[in-house]
Structures are given as structure tokens and as C-alpha cells.
Amino acid sequence: MKKTVWSMCGMCSVRCPIKVEVEDGRVTWIEGNPHILKGSLCAKGSAGVALHKDPERPQQPLIRSGGRGAGKWEPVSWYTALDYVAEKIEKIKDKYGAKAIVMSCRGGPWQDLIKAFCYAIGSPNFTNHDSACGRNVHHASKSVYGLGRKGFIYDIANAKHLICFGRNLLASLRVAEANQVMDMLDNGGSLTYVDVRQTLTGIKATRFFQVRPGTDYALALGMINEVIKQEAYDKEFVEKYTVGFDEMAAFVEPYTADWAAKECGIKVKKLKNFVLEIAQQRPKVIFHPGWMLSRYKDSYYASRCLHILNVLMGNVEVEGGQLFPKGPGDCGVKGLRTFSSNVAKPEEKRADGVGWKYKHFDKGPGLFHLYYEAMTTGEPYPIKGLICYRHDPFSCFPDVTAQKEALDNCELLVSIDTHYSEFGWYCDVILPESMYLERETPVATQKGLKPRFIYRDRAIEPKYNTKPSWEILKMLADRLGFGELFPFHTAEDMWKWQLEPTGYTIDDFQEKGFVSLTDEPIMYDRDDLDGKFKTASGKIEFINETLEGLGIPSFKPYESPKKPPKGKFRLVFGRSPVHAHSHTINNPFLHELMPENTLWINKRVAVRLGINDGDWVDVIGGSHIGTIRAHVTEFIHPEAVYTVHGFGRQIPLQSRAYHAGMSDQKLQEGLLLMMDEAGGGLCLCEKFVTVRRSSRNPRRRVEL
Amino acid sequence: MNKYMLYLNAKRCIGCHGCEIHCKANKDLPVGPILCEISHEPLKSVKGVPKTEFLFRSCYHCEDPYCVPICPTGAMKKREDGIVYIKEDECIGCMACAGACPWNIPQINPATGKAVKCDYCMDRVDQGLRPACVTKCTTRALKFVNLQVI
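Line by line, the protein sequences give chains A and B.
Going by my numbering, the first sequence opens with residue 1, and the numbers climb by one from there.
Going by my numbering, the second sequence opens with residue 705, and the numbers climb by one from there.
It should be emphasised that the hints constitute simulated quantities derived from the structure, not laboratory data.
Mixed in with the good hints there might be a few duds.
[What the hints assert, rightly or not] Partial chain A-side listing against chain B, Cβ under 8 Å, derived:
id	residue
1	G39
2	A43
3	L170
4	A176
5	A178
6	M182
7	L200
8	G551
9	P588
10	F635
[What the hints assert, rightly or not] Result set (EDC-like, lysine to aspartate or glutamate): computed pairs, CA atoms no more than 16 Å apart in a straight line:
id	chain 1	residue 1	chain 2	residue 2
11	B	K731	A	E23
12	A	K204	B	D793
13	A	K3	A	D525
[Claimed, not checked] Coverage of chain A stretches by chain B, computed from C-beta distances (three or more under 8 Å per stretch; other residues unrestricted):
id	region
14	202–212
15	606–613
Here a beta-carbon is modelled for each residue, glycine too, at the ideal position from N, C-alpha and C.
Model the full structure from these sequences, guided by the hints.
Right under this line is the structure:
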């Protein structure tokens with residue numbers, strides 16, 4: 001029998017809407033939802049079938065029978081595993097209080113379920129991976145607009161100029177966004193790309209600035225200076241909607257285009273011409289404020305400047321600029337019932353210090369890495385349990401050795417995931433989630449010009465003894481005595497409960513896989529945006545007085561990044577379009593395309609070190625060594641070496657990924673607690689590594 | 705006379721290798737054969753921007769294919785519309801076709817022990833659909849072109 005199922009891709013965190021065709025219980029075809037993506041899908045999306053078939057994933061609940069990380073597991077039933085976890089949670093609650101439990105996830109539209117569960121346990125310590133990802137951008141956005149980083153969507157397709165500072169969006173690959181970029185270029189738009197190396201995005205650029213690593217803030221300051229000097233900004237918009245322009249102008253005065261060009265190692269004429277160009281193109285000019293910007297000690301300020309450049313272009317709520325994402329409320333529809341609406345937020349202070357010690361940070365998910373400090377010191381109170389849903393801290397955060405030391409103070413470590421994560425391998429219990437084709441997820445809201453409700457239905461039955469996350473959490477909630485907070489036993493009941501206030505039923509989703517809440521795109525009146533900016537002044541704040549009051553200056557004096565000592569390089573990392581970080585390294589199809597990563601190294605430097613293209617090189621960071629092949633190129637800055645993140649996995653049951661390539665995060669010793677104090681993001685590019693030609697390049701070989 | 709052609713708009717191609725996996729997933733292929741391939745020349749600086757263009761290659765479905773007459777069992781066939789394909793149950797996996805092909809296009813499928821190659825997804829084409837690589841191309845850079853005599 002043949003059927004069509006509407007789902008959402010689960011190969012990476014973009015979650016593209018998909019259409020799945022199933023014949024006799026076998027997935028025969030996956031394509032992007034034709035109503036949204038016209039069928040388009042990336043390599044990862046099609047490789048979902050290989051993930052489904054792959055036996056190298058947890059097939060039933062596992063409880064550790066050896067030491068942590070020893071890889072000895074006892075396969076158990078769901079009842080045994082959940083009873084075990086519930087009992088451990090109760091024990092920790094009795095001894096240390098519920099607040100000693102931390103729950104983490106990977107963010108996204110379904111994190112509300114995890115948050116509600118965490119609060120229901122009685123712990124305020126709900127968190128996610130974001131301090132190793134977008135926190136700096138988020139906090140920078142809040143400081144300028146009073147809105148989080150998802151407070152705007154970018155109308156790239158209609159823009160005349162897109163500027164990306166290291167935002168390699170054609171490799172990070174959101175299918176809809178990539179098409180917008182290509183449409184913009186087809187329509188004659190410009191793309192300016194800034195990075196320490198050339199990338200898939202950069203090769204499509206009309207202008208490329210190869211900058212010295214760590215100088216993004218300098219370039220952004222220089223751009224603001226030059227925009228003001230050339231009077232290239234939207235004076236009317238700035239006058240009407242902003243505060244602090246004069247103070248900002250005074251601050252950036254010394255940071256001229258000439259200064260910035262020198263600092264970044266680019267040509268000043270090129271920089272000035274760039275500003276001449278955007279002056280003609282505004283307001284249809286978009287500065288991408290960054291995505292994963294947990295990179296340098298001033299990344300928060302760099303992102304702040306990019307947000308500010310957008311404001312100077314006057315690109316808010318105009319076609320080809322930044323648009324307010326509209327929600328159900330804008331369409332006269334009530335929002336979905338949230339899981340957390342049923343649960344009171346615990347009043348205890350958070351153990352990561354966010355909200356009381358760090359008052360300038362957004363309380364939402366806090367900052368994960370600071371829990372390691374609490375685990376180690378027992379301050380402000382002990383943390384004894386960590387449950388990670390779909391989140392692998394060992395692949396995400398730096399210095400795995402330091403993480404393990406902190407986790408050894410915990411009495412319960414649980415991983416809920418579809419695959420073996422490096423963290424899961426170190427856990428006490430693995431609760432295997434069904435992969436995305438085998439599970440339903442709650443209905444989600446997707447904001448935009450045409451907001452919609454969307455859902456993921458189960459395409460096929462689980463191949464192994466796995467369960468969807470909503471069911472795992474529901475069963476655990478029942479055991480912990482708060483099952484009534486999640487009043488459903490089937491996915492249909494859950495959807496019905498969520499959709500009740502909206503007036504829709506799940507049947508309304510059958511035609512297209514989603515429900516569009518409006519026929520026509522909704523735009524606000526650009527001349528009447530009062531009340532849209534959630535800052536204290538209600539205006540866009542070049543100078544944020546609230547944060548200044550908390551000791552966080554709106555701009556900080558620029559400090560030139562350190563030059564790596566002789567023989568060392570700044571280790572930078574990024575994405576490939578065929579892998580979603582560590583998630584997909586073991587996927588049979590994707591592994592075939594890219595089985596391991598390489599080390600990009602500048603040609604001139606490589607010659608000095610005697611390294612030829614394709615040679616094995618040792619990359620040394622503290623006590624860790626990674627050995628991979630060199631990719632010798634002139635298109636990377638000589639101070640930096642680059643690799644694709646996610647490789648160097650050490651889980652024997654993932655036979656393809658096992659020890660394939662090099663892990664950047666294991667080399668990042670000493671970076672676990674090094675954060676941008678103003679933005680909360682980690683400084684993952686602040687590591688110098690030694691590179692040498694490996695002894696694995698034999699000139700002679702002994703065989704017998 | 706060939707009726708179809710695969711055309712890559714290199715300006716829109718972002719080198720994501722999606723087509724290669726769309727093809728493998730549709731044909732349910734194991735590790736080994738990859739029936740279409742994206743490649744590129746090394747980067748070269750053009751007006752200050754390091755550039756390259758992506759190339760797409762699959763079977764050329766030659767007007768006069770060498771692989772068809774060399775096949776000892778007649779499993780390799782050319783249709784009227786130009787599609788060169790392998791009739792799987794007649795193939796003995798001798799791979800003479802690969803030797804005869806100037807580009808070594810036919811590959812062995814280790815799961816079946818038989819040759820496999822691009823056939824423009826003719827089962828889809830016959831249903832009025834486009835090949836998998838075109839249908840799902842990430843940036844809609846690949847086109848399935850219907851050739852016409854002018």
C-alpha cells in the first residue's frame with residue numbers, strides 16, 4: 001500500500017518541511033514539501049533513508065554496566081530504564097532538592113516540552129546548547145532592538161545587497177534561505193563576503209574581504225565610521241526610531257576606514273567603494289548579524305555593530321530588508337496551547353547564575369557551560385543530574401576532558417537521542433528516541449510574513465525498540481507523579497490538546513502538511529513602528545542605558561587579536577553542506593561523500609613547514625593530538641588553520657565515524673569557561689594549535 | 705535522436721552534492737556506486753574573489769553508445785527517446801560496458817553484483833515526473849531539458 005505522509009526533516013536543526021512517500025512500510029521517496037520548498041532538499045535530507053536503515057544506532061534502552069565511558073551496556077526494557085531514571089531523580093530530589101537536576105536540549109520549536117518537564121520536576125535549570133552557538137547574536141540583538149535574534153527575518157530574495165561576516169549560509173544550508181540567496185544573485189543583487197578563508201558562500205560573492213582572524217569587530221566599526229562619514233545612512237529612520245546616535249558617532253570616530261583596512265589586512269579603497277555601493281542600494285541592504293558567533297572575545301560587539309549597520313541602512317520592515325516575523329496573533333488566531341502553560345516556573349535562582357549573578361543575560365535557556373562550574377564547585381548549589389535531549393555537549397562544547405571532570409560530580413547522566421552521542425556514551429542511561437521518520441512531534445508555530453502551524457507525522461513504524469520524545473517524557477512524568485500535566489496518551493490527543501485554543505484540528509493539516517494562518521503576507525506600517533521595539537526607551541538603542549547601568553558598555557574599545565606564536569595557528573572551524581555537525585558523520589550515505597575532515601593551511605606557511613597538499617599533519621592542542629590530511633590553499637589567512645566540525649568521534653559502535661578525522665572541540669583545552677562577558681557566548685576561536693608534518697608520511701616502510 | 709538532457713545552471717549550483725544522494729536514495733544503492741557527480745576546478749582569484757564553477761556529470765546517453773553493442777547479453781539498451789539503460793535481470797555483471805565507455809560510467813552495484821548507471825530515472829520520466837536529482841536539487845540548479853529540433 002502506498003501513502004503520503006507530511007513530516008519535517010530531522011537530519012539537521014533547520015527542520016525543513018518534507019513530503020514522505022511510503023510503500024508497504026518502506027520509505028521510497030522524501031522530498032521538500034512542494035507547497036513550501038517546491039521539492040528541494042539537500043543531501044542530508046535524502047540521506048534520511050540511510051539513517052533509518054542503519055543498525056549503528058541505539059536499538060533499545062541501555063543502562064551502563066561498566067565505568068562511565070567504558071562502553072559496557074545492559075540492554076533493558078523501557079519500564080526498567082524509566083523506573084531506573086525516575087528512582088535516581090527522586091533520590092537526587094530528596095538529597096539535594098529538585099534544583100540539582102539540569103535539563104538541556106538543542107533549542108528549536110519543540111523545546112517547550114523539555115522546559116515544561118524541567119519545571120515540573122521543580123528545577124529552574126532548563127538550558128540548551130546556545131552558549132556555544134548564537135547567544136552573542138541573541139544578546140546583541142536584544143541590546144539593540146529589545147528583541148531576540150529571531151526578532152527579524154531577512155527578505156534576502158528581494159534584497160539588493162547581502163553582507164555576510166563569516167556566515168557561510170550556503171554551506172550551513174537552510175534550503176529556503178539558500179534559494180533566496182540564489183534568487184537575489186539571479187536578480188543582480190550583490191553579495192559581500194567576509195571571512196578568514198574562502199567558502200562555498202564566498203565563491204558566489206561579488207566582493208570578498210579576506211580578513212585577519214578575530215578582526216570582524218574592527219571591520220564593522222570601520223564600516224559604521226565610513227557610513228556616517230559618507231552620510232550613507234537613513235537619516236529619517238535614525239531620527240525617528242533610534243537613541244544614542246551622537247554618542248555612537250563619537251565612539252566610532254577614531255575607527256576610520258583607513259584604520260580598519262590596516263587592522264583587517266584589506267584594501268581601504270575596496271572598503272570605501274563598498275560603502276558607496278550600499279549607500280545607493282539601501283534600504284534593501286542586509287547585514288547578516290551572524291548565527292554561530294561563539295568565536296572571539298568581542299563577538300558580541302561585532303554582532304552588535306552588524307545589527308546597528310542594518311539600522312543605519314533603515315532596512316526595518318521594508319521589502320528586501322529585515323522584517324518582523326508575524327505570528328498567530330497578527331492573523332487573529334489564538335496561539336497553540338503550550339506545555340509550559342500548565343506548569344509554574346520554579347522560583348529558585350538558576351545555578352548558572354543567569355538572572356541574578358548575570359543580570360544582563362536572557363533568562364530563557366541560560367548558559368549551559370556555567371553548569372559545569374556549579375558541578376565542580378557546588379556553588380551556588382550542587383548540580384547532581386543532567387538530562388540531555390537531542391543535545392551532545394561533548395560535540396558542542398570545548399575541552400571534553402574538563403567536561404568529564406565536572407560531570408563526575410553528577411549522580412545521574414541521561415541522554416535521550418536518536419543516535420549514540422559522545423555524551424550519551426559517557427552517560428548512565430541512554431533512552432533511544434525514534435528517528436524522525438518513525439515519530440510524531442508536537443505541532444509547531446512557524447512565524448513569518450505568512451505564519452503557519454506545522455507538524456511532523458509518523459511515516460513508518462520504529463525499526464527498533466525506540467520511542468518518540470513526547471512519549472518518553474510522558475512515561476517518565478507518570479513515574480515522577482506529574483503525568484497529569486501532560487494530559488495525553490497518543491500523538492492525536494496531544495495535537496488535539498495543543499490545537500484546542502486555535503480552532504483548528506489535525507485534519508486541517510492533511511492537505512499540505514501545515515496550516516497557513518493568512519492568505520496574504522502581513523506587513524506592518526513602517527511609519528508607525530512605535531511599540532515594536534522592546535527596549536526600555538521603546539526605540540532602537542545604539543546606546544543601551546539599561547545594560548550600561550549593569551556595567552555592560554554599549555561599545556568596547558577595540559583590542560587587536562593576539563598573533564599566534566611562531567609555529568602555532570588559530571584554529572577555526574565550520575560547516576560542510578553534507579554534514580550536520582557530529583549528527584551525520586556516521587550516516588552511510590553522507591560518510592561516503594565526506595568520510596573525514598582536512599586541515600586547511602595557507603600555502604606559504606605550508607611550504608615553510610614542509611607540508612604538501614594531502615600530507616598527514618599532526619594538530620596539537622594541549623594534551624590532544626589530531627592527525628588529518630592537509631588541504632594546502634592560498635585562500636586561507638596564514639594565521640589560521642581550518643577544519644570541519646563534528647569529526648574525530650570515539651564511539652566504537654559507530655564503525656564509520658570511529659576515529660575518522662579530527663575533533664576541534666577536543667583540541668580546545670582551557671576554553672570551557674572562557675566566554676564573552678557581555679554576550680555569554682564561548683570564545684571557541686581563541687585557541688592556538690601547533691601544526692607539524694606527521695611522521696605518518698613514511699619515506700621508508702618496514703614490512704617484514 | 706536523444707530527447708532529453710540534464711543541464712546544470714552552474715550559476716545557481718552551490719556544490720552541496722544533494723543530487724548525488726537524491727539519486728542514490730531513489731535507486732536504493734549501497735555504498736560504492738555514485739551515478740552522478742559534482743566536481744569543480746581549484747579556486748582561482750577573479751577580480752579579487754576566489755571563484756570556481758561546479759560541473760555536473762552523469763551518463764551522457766551517447767547517440768551511438770559503445771556500451772550497448774559490447775554487452776554480451778544485450779542487457780544494455782538504448783530506448784527510442786535516447787535513454788541508455790540496463791535491463792537488470794539480463795545483466796551478468798561482467799562490466800564490459802564500463803571498459804567500453806570512454807568515461808567509465810557504468811559501475812558495479814555490490815549489493816546485486818550487476819552494473820548500474822544513470823537512466824534519467826526513466827520510471828519517473830515515464831510517469832511524467834523528472835529525475836530524482838532534478839526534482840530535489842537544493843537550489844533548483846539542475847534542469848531536465850526536453851530537446852527539440854529547430
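Numbers of the earlier hints that this structure fails to satisfy, in rising order:
4, 8, 12, 13, 15
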